[in-house]
Amino acid sequence: MKRFNIYVTSKPVIYDPAGKAAENALARMNFEGVERLRIGKFIEMECADEVSLADVEAMCDRLLANPVIEDYRIEEQ
Amino acid sequence: MIAVSDFRFGVIIFPGTSCGQDVVHAIRHLGFDADYVWHADSSLDGFDAVVIPSGASYGNYLRSGAIASHSPIMEAVKDYAELGKPVLGISNGFQILTEAGLLPGEMLQNKSVKYVSKSVQISVQNNSCQWLDIAPGTELTLPISHGFGSFYVDQDTLKEMEANGQIVLCYAQCDCAAADQEDASCSLDSIAAVSNRQGNVLGMMPYPERVTDGIAGTDGGAFFSAIVKHIKEVA
Chain A
938 MKRFNIYVTS KPVIYDPAGK AAENALARMN FEGVERLRIG KFIEMECADE VSLADVEAMC
998 DRLLANPVIE DYRIEEQ
Chain B
33 MIAVSDFRFG VIIFPGTSCG QDVVHAIRHL GFDADYVWHA DSSLDGFDAV VIPSGASYGN
93 YLRSGAIASH SPIMEAVKDY AELGKPVLGI SNGFQILTEA GLLPGEMLQN KSVKYVSKSV
153 QISVQNNSCQ WLDIAPGTEL TLPISHGFGS FYVDQDTLKE MEANGQIVLC YAQCDCAAAD
213 QEDASCSLDS IAAVSNRQGN VLGMMPYPER VTDGIAGTDG GAFFSAIVKH IKEVA
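Just so you know, the protein sequences line up as chains A and B, in that order.
Note that the working numbering has the first sequence beginning at 938, numbered continuously upward.
Note that the working numbering has the second sequence beginning at 33, numbered continuously upward.
Hints were generated in silico from the structure; no laboratory data involved.
There may be inaccurate statements among the hints.
Facing chain B, from chain A, some residues (calculated, C-beta under 10 angstroms) [as the list claims (entries may be wrong)]: (1) A958; (2) N1003; (3) V1005; (4) Y1009.
Just so you know, these numbers come straight off a predicted model, no measurement behind them.
No residue lacks a Cβ here, since even glycine has one placed at the ideal position from N, Cα and C.
Take the sequences, apply the hints, and build the full model.
Put into structure tokens, the structure is as follows:
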């Protein structure tokens, strides 16, 4: 069994309204010093041993991330 | 030549599509024929035009339209569009078309973080696509209903789209500089609808089918009538 962790984040140029709303809420709750907060996706995947990193990259390119607005990073556990 | 009443629209239904019946009703109200196509089907034979209605296909899990864009019927839609045949995506249907790569760009969450459901003024920017024959500058009153309606595309692609006349509709009253305003999706350049380069594929955030039969308005009928007129002219 292989395990992959995939982090999908919006490209820096993309405005992240949900992140901005959470950042503003923290400020209202008197948590000081938060300068930038971005919300992305974290995907945990368990795979058969024959699934390669290249396979997971193909999954990200075709479905799990959208290259127009998102970047991704894969960690094999 | 196709007789008007014989013109047959295919209306694609995914799990979670909720506006298919409205689209079929609107098309039949205009005197054209319409039938449902299930997402697991793989053929669009016999349809003169295809509409992908709105709703929340596959619960909009992952990203709006992402999972639907890999449904079996979407391979047929890609082949159909490549042949130059007409495809219209409405709201979630627009998102499915961008995810499928049939239209440029992607929809982001509204900058207000609010779901916007209201009637808005929409301005015609360009009418070179097959789904519209109304003069640029004309304003239409159309309903929008979306949480992810902020169109994004990179600047190079945007310039190409402008040069090719692919920006079809814009919100008439949207100040995109005011990112915290309550009532707008704050779409890039106020974009509400875009076409592909060939002009046969149109994606639009407003819902034309809701203002076709006269109960809430009639401005939406123009899109369905325009494609019938276009296909009859080229047939």
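Let me make sure I understand: some of the numbered hints might not hold for this structure. Which ones are they, in numerical order? 4
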